[in-house]
Amino acid sequence: MTETFYDVMRRQGITRRSFLKFCSLTAAALGLGPAFAPKIAEAMETKPRIPVLWLHGLECTCCSESFIRSAHPLAKDVILSMISLDYDDTIMAAAGHQAEAIIDETIQKYDGNYILACEGNPPLNQEGMSCIIAGKPYLEQLKKAAEHCKAIISWGSCASWGCVQAARPNPTQATPIHKVPGLAPKPIIKVPGCPPIAEVMTAVITYILTFERFPELDRQGRPKMFYSQRIHDKCYRRPHFDAGQFVESFDDEGARKGYCLYKVGCKGPTTYNACSTVRWNGGLSFPIQSGHPCFGCSEDGFWDKGSFYDRLTKIHGFGIEENADRIGGTAAVVVGAAAAAHAAASAVKRARHKADDSQKGGDN
Amino acid sequence: MATIQTPNGFNLDTSGQRVVVDPVTRIEGHMRCEVNVDEENVIRNAVSTGTMWRGLEVILKGRDPRDAWAFTQRICGVCTGTHALTSVRAVEDALNIDIPENANSIRNIMQLSLQVHDHLVHFYHLHALDWVNPVNALKADPKATSELQQTVSPHHPKSSPGYFRDVQNRLKKFVESGQLGPFKNGYWTNPAYLLPPEADLMAVTHYLEALDFQKEIMTTRTIFGGKDTHPNWLVGGVPCAINMDGDLAAGAPINMDRLNYVSGVIDRSLEFVKNVYIPDLLAIAQFYKGWLYGGGLSGKSVLAYGDIPDKANDYSAANLMMPRGAIIDGNLKEVHEVDLRDPEQIQEYVPHSWYAYPDEKKGLHPWDGITEPNYVLGANAKGTSTNIVELDETAKYSWIKAPRWRGNAMEVGPLARYVVGYAQGHEVITEQINRTLSVLDVPVDALFSTLGRTAARALECEWAAEMQRYFMDKLIANIKAGDSATANVEKFDPETWPTEVKGVGFTEAPRGALAHWIRIKDTKIDNYQCVVPTTWNGSPRDNDGNIGAFEASLMNTKVERPEEPVEILRTLHSFDPCLACSTHVMGPDGEELAEIKVR
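Going down the list, the protein sequences come from chains U and X. Those letters in the first sequence? Residues 1 to 364, by my numbering. Those letters in the second sequence? Residues 1 to 599, by my numbering.
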């Protein structure tokens, strides 16, 4: 019988004190509060390391790259102590038939008891041969691994939605995991984002190991704890939006003051993700904090919704469906003054949004 | 079958046993390799195949050129950012946009942090297991390992016998658990592994240390670009505005706190490279310096575009801090100038690639590139179209096209850059190479090998770590002098653009020379072509039968056990292959691309 997570940690010289600290950090990362730390500890002490097959289809490996940047828990500890990462062609020692044999061994030994982690997606065009593994379509490897798994994690926007290779005209007919024809019906958790936040990835794994179930999912199959709020809802620049203080063009006075990026195209108001709460790379920053508008990389079909610098015209869910300028309209006069001081920028904006301007009212 | 000599000087013989490695693991993306070995287990024929295709350039057609950086960045999440930088440079070239000095410094720091991160992660997490045997590390004496560590790197603080004993115990329990994870089915009894147990333990320990540390290196990009992987970029500059002492500076992208953070990361990165990566490289190389296979094209034909402009907006070779130039026929005395706009210099061929040209005898310059997928197997292939047993390399056999520089197959990457720099007398590169050759006590020819490629990557990592400090100092000096500009938005509005323009942008990606060619028409992308490092290195044969860099590097290598591809992996990994990069091309009209032909 495989040893438990806690056995492994102890045998690797990790003290009980560090172990408990790890459990409380994990609880905090999951937003569960300190009361849950003992529960996590108990789970870790009694459960074996679960085998994971991490397959790669059409993708760019940004999800794996994000994963190894996790600050808590460290990727090292996930790989060595929490799961048994038996197949991951990006880091595994074996290649060729010795690598492929691992999939069969895992199916045989852990039928119905391993997790299938999918990074990327399979193409259906070109007979599936625009993604070849061991001389065959990746689709075959995916279907085989899915048939015998316990559950599927769809990492990132490729596996969740299709992402960049599925953007119009989707030349390979790249298909997100839940839409793959003939795939065994298994529970799927989507962790979208291009890539997902590292600590969100490791938190999802930790949650599954701890509670032996998926976290609560929304209607689209995403964990509610990380994807139930819009970036805009918790954005630190939100007060500027409410006050009608906007960046009119990059590197203007507003940009230097950290004003709201809505007018230069921010999709924070329509993007469900944890960037403005968990933030990135150990909570260091997120796109808006570094001055670039969110372009909604965790949303379905975000590549095909117009330029990243085009302004959203309709924002849902503020009580009424409304134009953001009007929502932030209490300070519309202030915006007007700012716009006058940046006439060139406003001209750019007007040119870009002629249609939009007619409905906007008195902002400039 | 008789031996065939390729024009670039390799004797191919397909009569021996065929060995297939698919998938080639520990790379980015998907790749296959087939070789023929003779009775002595020496590789006499090599075939490398890109096994994925995503069609990104088809997808780019008709899009806003200001968005192209985000699409092309998703070509690769490992060399994240380098495609984005190449893309914004291509658009700026087309539209004649100058960027502020601060933007140049910040972009350089971001690009250099990629070099540092990517090279380090490649060495430890993708390449090390070709040289290092973690199972053998269990036999090490922790005290002797500690002495070894203190000898090769006296300044690295983690060097006590107790520390190595703890790591060894952790490894022991891991192995004994029976769940070997990523080490499962490795080739741990293969005699190709040459390190003594203590060196293995030291290297495995640093595999873990590097895995912990690497996440810090890229945080410079989190500060400047908002996230990593895949930070944000901007046509005309960088999106992170600077506010040192104005109102609301605390909420600004770049302020004193943020600069201090970056500065600290730069210092710690350099320290790690100097105290861990370089000493490990030299220690491992000492034991493998008799294994000098894998030179391939590196001693014959190498190509670099150059990168890291010292001053903003000047992309001439003299202003680039990474070298530019081409060397052919092994003549290091002559470094040729490279012009990405010249239709006669860079051309792509497809006779052995799964694409169709109207006239496949001719190559096409990327500005005029056309590509139409055409997945067909050759008459002598074994298996079926969806179950390939053996490929037929006399026909089409890869999703990678064959780019050529004036008709020559070229190697790109850290070794190519270092060979060009060495030939040009680049001061730092020459010093680094001479120092390394002297420490290892090997002649300059040793450079042209798998080990030389691996060493060049480490030396370049050290150089890039130093250069981050140079540009950080430059950034601060410029801000201090009163210049806080980060973006030029004069031409951000598409209405200011000419009807029809074209441009080219280039960088040196960690894996080698990278360029994007763009045509813009009526404010939209009309044509977009990327020729990426692994397109060069992983190229299949061309019309004349020249083999590409991967294939050439495998030739004449002796393998210990043909069924265990340690040596093949070792040499292929020395290029740091990136297959998602190499295999994405343009359909002329974005038409339905689903035709399959099998004969």
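Treat the hints as calculated values from the structure; they're not laboratory data. Just to be clear, a hint being listed does not mean it is correct.
Claimed, not checked - The calculated DSSO-like cross-link candidates involving lysine-lysine, where the alpha carbons are at most 27 Å apart (straight line), are:
1. K491/X - K305/U
2. K39/U - K224/U
3. K136/U - K382/X
4. K61/X - K362/X
5. K173/X - K39/U
6. K502/X - K305/U
7. K158/X - K21/U
8. K144/U - K382/X
9. K21/U - K333/X
10. K172/X - K109/U
11. K257/U - K474/X
12. K257/U - K361/X
13. K76/U - K311/X
14. K382/X - K173/X
15. K139/X - K76/U
16. K172/X - K311/X
17. K257/U - K480/X
18. K136/U - K76/U
19. K305/U - K61/X
20. K491/X - K311/X
21. K76/U - K172/X
22. K76/U - K274/X
23. K274/X - K143/U
24. K362/X - K305/U
Claimed, not checked - Coverage of chain U stretches by chain X, computed from C-beta distances (three or more under 8 Å per stretch; other residues unrestricted):
25. 111-119
26. 222-228
27. 253-259
28. 279-286
29. 290-301
Beta carbons are placed, not taken as given, at the ideal position from N, Cα and C, and that holds for glycine.
### Task
Please name the hints from earlier in the document that this structure breaks, with their numbers sorted from lowest to highest.
Violated hints: 9, 12, 13, 14, 16, 18, 23, 24, 25, 26; rest satisfied.
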